[in-house]
Every structure is written in structure tokens, then in C-alpha cells.
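Turn these sequences into a full structure, and let the hints steer you where they fit.
Given next are the chains, with one letter for each unit.
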Amino acid sequence: MSTDRDVTRIVRSWLDEGVTQLPDRVLDGVLDQLPATPQRRAGRLARRFPIMNSNIVRFGVAAAAVVLAVIVGINFLPGTNFGGQPEPTPTPSPSPSAATSTEPTPMPLPEEFMLLEPGTHVAGDPFLVPVTFTVPDGWEGRIGGPYLVLTGIVGKPSGLRFAIFDRIAVDPCQGDTGFVDLPPEQSVDDLATALADMPGIEVTDVSDVSVDGYSGTQLTVTAPDSFAGCTLQSDGYVIWQLPLGANFSMTPGERDRVWILDVTGTRLVIVVTEEPGYTDAQRAEFQAVFDSIRIEPAP
Amino acid sequence: MDTDLVTRAQGGDEGAFVSLAVAVGDRLHAVAHRILRDTDLAEDATQQALLAIWQDLPQLRDPARFEAWSYRLLVRACYAEGRKSRRWAPNLRMLPADEPMATDGLSSVVDRDQLERGFRRLSIDHRAVVVLHHYLDMPLPAVAEALGVPEGTVRSRLHYAMRGLRAALDADARPARREGSQ
Numbered sequence: 001m002s003t004d005r006d007v008t009r010i011v012r013s014w015l016d017e018g019v020t021q022l023p024d025r026v027l028d029g030v031l032d033q034l035p036a037t038p039q040r041r042a043g044r045l046a047r048r049f050p051i052m053n054s055n056i057v058r059f060g061v062a063a064a065a066v067v068l069a070v071i072v073g074i075n076f077l078p079g080t081n082f083g084g085q086p087e088p089t090p091t092p093s094p095s096p097s098a099a100t101s102t103e104p105t106p107m108p109l110p111e112e113f114m115l116l117e118p119g120t121h122v123a124g125d126p127f128l129v130p131v132t133f134t135v136p137d138g139w140e141g142r143i144g145g146p147y148l149v150l151t152g153i154v155g156k157p158s159g160l161r162f163a164i165f166d167r168i169a170v171d172p173c174q175g176d177t178g179f180v181d182l183p184p185e186q187s188v189d190d191l192a193t194a195l196a197d198m199p200g201i202e203v204t205d206v207s208d209v210s211v212d213g214y215s216g217t218q219l220t221v222t223a224p225d226s227f228a229g230c231t232l233q234s235d236g237y238v239i240w241q242l243p244l245g246a247n248f249s250m251t252p253g254e255r256d257r258v259w260i261l262d263v264t265g266t267r268l269v270i271v272v273t274e275e276p277g278y279t280d281a282q283r284a285e286f287q288a289v290f291d292s293i294r295i296e297p298a299p
Numbered sequence: 001m002d003t004d005l006v007t008r009a010q011g012g013d014e015g016a017f018v019s020l021a022v023a024v025g026d027r028l029h030a031v032a033h034r035i036l037r038d039t040d041l042a043e044d045a046t047q048q049a050l051l052a053i054w055q056d057l058p059q060l061r062d063p064a065r066f067e068a069w070s071y072r073l074l075v076r077a078c079y080a081e082g083r084k085s086r087r088w089a090p091n092l093r094m095l096p097a098d099e100p101m102a103t104d105g106l107s108s109v110v111d112r113d114q115l116e117r118g119f120r121r122l123s124i125d126h127r128a129v130v131v132l133h134h135y136l137d138m139p140l141p142a143v144a145e146a147l148g149v150p151e152g153t154v155r156s157r158l159h160y161a162m163r164g165l166r167a168a169l170d171a172d173a174r175p176a177r178r179e180g181s182q
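These protein sequences, in sequence, are chains P and C.
Going by our numbering, the first residue of the first sequence is number 1, and it counts up by one from there.
Going by our numbering, the first residue of the second sequence is number 1, and it counts up by one from there.
Now the stretches of chain C that chain P is said to cover, found in silico as 3 or more residues with beta-carbon under 8 Å: (1) 15 to 24; (2) 33 to 44; (3) 55 to 62; (4) 123 to 131; (5) 142 to 149; (6) 160 to 168.
Here are a few chain P residues that sit away from chain C, every Cβ distance over 10 Å (derived from the structure): (7) Pro-199; (8) Thr-204; (9) Ala-228; (10) Ser-249; (11) Gly-253; (12) Arg-255; (13) Asp-256; (14) Ala-288.
Simulated from the structure, these hints should not be mistaken for laboratory data.
Every residue, glycine too, gets a C-beta built ideally from N, C-alpha and C.
Here it is, written out as C-alpha cells:
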């Protein structure tokens, strides 16, 4: 039996072994990429914040989360697969058990991708929408900043995204055409219409949803099976861009379910990327996580 | 760390960044190698971390905190590399034979085998805490700052990780190199 001191000594000695020098070729590779790697200026954040009134955001975020929770519940009721048609009748209270039961204090979602402990996690500050959800074993996730939350099954951590943005690509196939900004005050329909009009993607299954008094639109976005002939941005087939510059891009043939929610003027977008390889058990996990989503403060 | 170099690099001075990268590159690579237990993954993680440092430097508010901040980006890159390849998860392999084999504290190759096995069972976040604390000698509050998590979380991870490594060392000795694949 080893003592704690023995273990510490052995581990430290073991860690002292191994490489300590960075090969020159690695450093050279970094330096070669510098000219094509622009720095991200903090000023971009500062420019974007004044657009959003903080009170509106706070109020809107809370309401958006409520809408999100209910919509998610609607669309992931048993028997509804990710790519299937939405339920024709909005269900105001899928009442996921996790949303109403008393639970331990949620664990904060980390800022780096981490394997999440099974249990309830909250995506709070800095993310503008305080979403809480419960994950089983084998899920990872992180808060990507004020405008993005990612979670999913290990190895597929972007399976479920929460995003807030107002900039979409003009043409994802022609990356040099850049982006167009949608005024934040425009409705969810404007964003849905802009996506439907975007060349290079197919938008189907568009339907209105009204949940808990908040309206939204849900749709399915499908990327072409091949990007041959396209001039892609460095991030690939980019569909939209978050305020801090992160791009959302799709892979050939990717199919995403998208919910666009209007919460007192703020658009909250939820994306579920459908993985063809998902097993029934994994789909059930997604449904369970969706069922557990809740927002504080409650409406 | 020379905060003037950091400030100049923040302003887009590539020459200053080169000096920074040279100054921190070895240490970042050593940490990545110890977290990922794979030379190729560690090199990729270090490269990605250095590029991320260049990209995000303008957003670093306090140049004096560059070092801790750089470790955060490195660990983030290790997560990314770990997800790209599962080699580090189930595929146990011995340390390369050409690496120095210190004798102090390690009684046999069996200890190394069991340590390697136990360490690979840990998640990246647990490994990061062990490496930053026991390899870099960073105090736990500094580890917490570097990783951007509460100190209590760091203590919990360290406790869990060391308990796992201790269990690995206490496991019944098995024939060395039985699962080696180098």
C-alpha cells in the first residue's frame, strides 16, 4: 500500500520524464501561419454591446430560455426524431420532470470543453441566456462566451448549440461575399426568411411555434452533399457568424434542426446537428437532455 | 515573463510574438505532452495553442497574467486534440524507449506501466490539474486561475486524480509490457 507521500513523489518523478523541447518545425509551422491568422481585437466586442440594451437582453434572455425549454420539449417528445416533422400542436407544458423537481445546485458549465459530471449544469454568466439542463454520463460541453453554449455526447460536443447572432453569410459557397447584418430589432421571421433565401443551403420543414406566449420559427437546414466548386472561408461552409467572430459552418450533407425564438426582441437560436451515426440510445439521451432544459427566473 | 513583449505582441508586433513563442514554447509543449501522453497530439496542441495565443492576445487585459492565460489556451487545445484522436483513451502504450528513464522514485517498469494506465484513465481536466500542480509546481490557486475554475474544483480534481493514480500503483503487478504496442 502506497502512502500519499509516496504517490506524490512517484508521480512527480514520473512527470519529470519525457520531452521538454518544442521541435523547431512546430514553431516554424506557427510562424508560417501568422500572416494568415488575424488577431481578434477586443474592440469588436465593445462595438457590438451597445446594440443590445442590457435590460432588454436580461429580460429577453430569461423569456427566451423559457420558450426554448418548451419548444425543445415539443420537438423531442417520444417518437419524434430530430429530422421529423414538428408536432402540429404546440404543447405548452411538456413538463419535463427535471424542470419541476427539486434538484441540487446546478454545476456551472465550464468555459473549456470538459467531460461533464452527470447531473444538472447551468449555462449562466457570461452566456446571456441562463439555460439549465441535465446530462447523463458521457456528455461534455462548455460556455463559448456571451453568445454561444455547446454541449453533446463526448466526441460530438456540438450536437446541441444555443446561439445569439444577427450576422449571416451572403453565400456560404462563395466565402468572399462576406456577411450581411440583420438589425437586431427584426423579427425571427426575418432571420428565417434570410436563411430560406440564402443560396447554397436547403431550408425545409418551416413552421411557426408558439410556446408559453412567445413566438418562434423552427426549420431544418441542409447543406449540399458536396462543396465542389465553392470558394470557402477558412472556417469552411460558413452559415452565420457570432458577434465575437466565431463562425458556424456546416459539413457536406449536414442536416440541422434550428429553432429561432423571439424573446422581447432578442433572437435566440437553438441548433441540433443530426448525426447519422446516432444510436437510438443516443437519441434518447438528447431527448432527455432537452426535456430537462429550464430557465431561471421562471416566467 | 517580459510584459513589454506581451504588450507589443498584443499590438500586432510579430517579432515580439516570435520572442514570446520561443520563450514559452518548450514549456507549453512539455505540459501538453504530459497531459496528452502522445508526441504527435502534443505537438499539434502546442501549435494550436500558440496560434490561439496570437489571435486572442489583444483580448488579454493584464499582460502580467500572460503565463496563466497561456496555459488555459493550451489546455483548451489539449481538449481539442484529445477529441480528434482517441488514441490516448483505450490504447495503452509504453513510454518510448529513447526517452530518459529516471530511476529516482520509480521502482520498476511496472510502476510506469501502472502510472501510465492510471493516468490515461483520467479525463483531460484531471490530468491538467495534476500536470500543472505536480510538474510545474503551480500552487492550487494559480492552477485555478489558469484553468478558469474555482479553487475548490481544482482541489477536488487533484484529490480524485491522485486517488486514481494511487489505486493504479497499488494494483497487482502485471507482466510488464504485456500491452505495450510501441
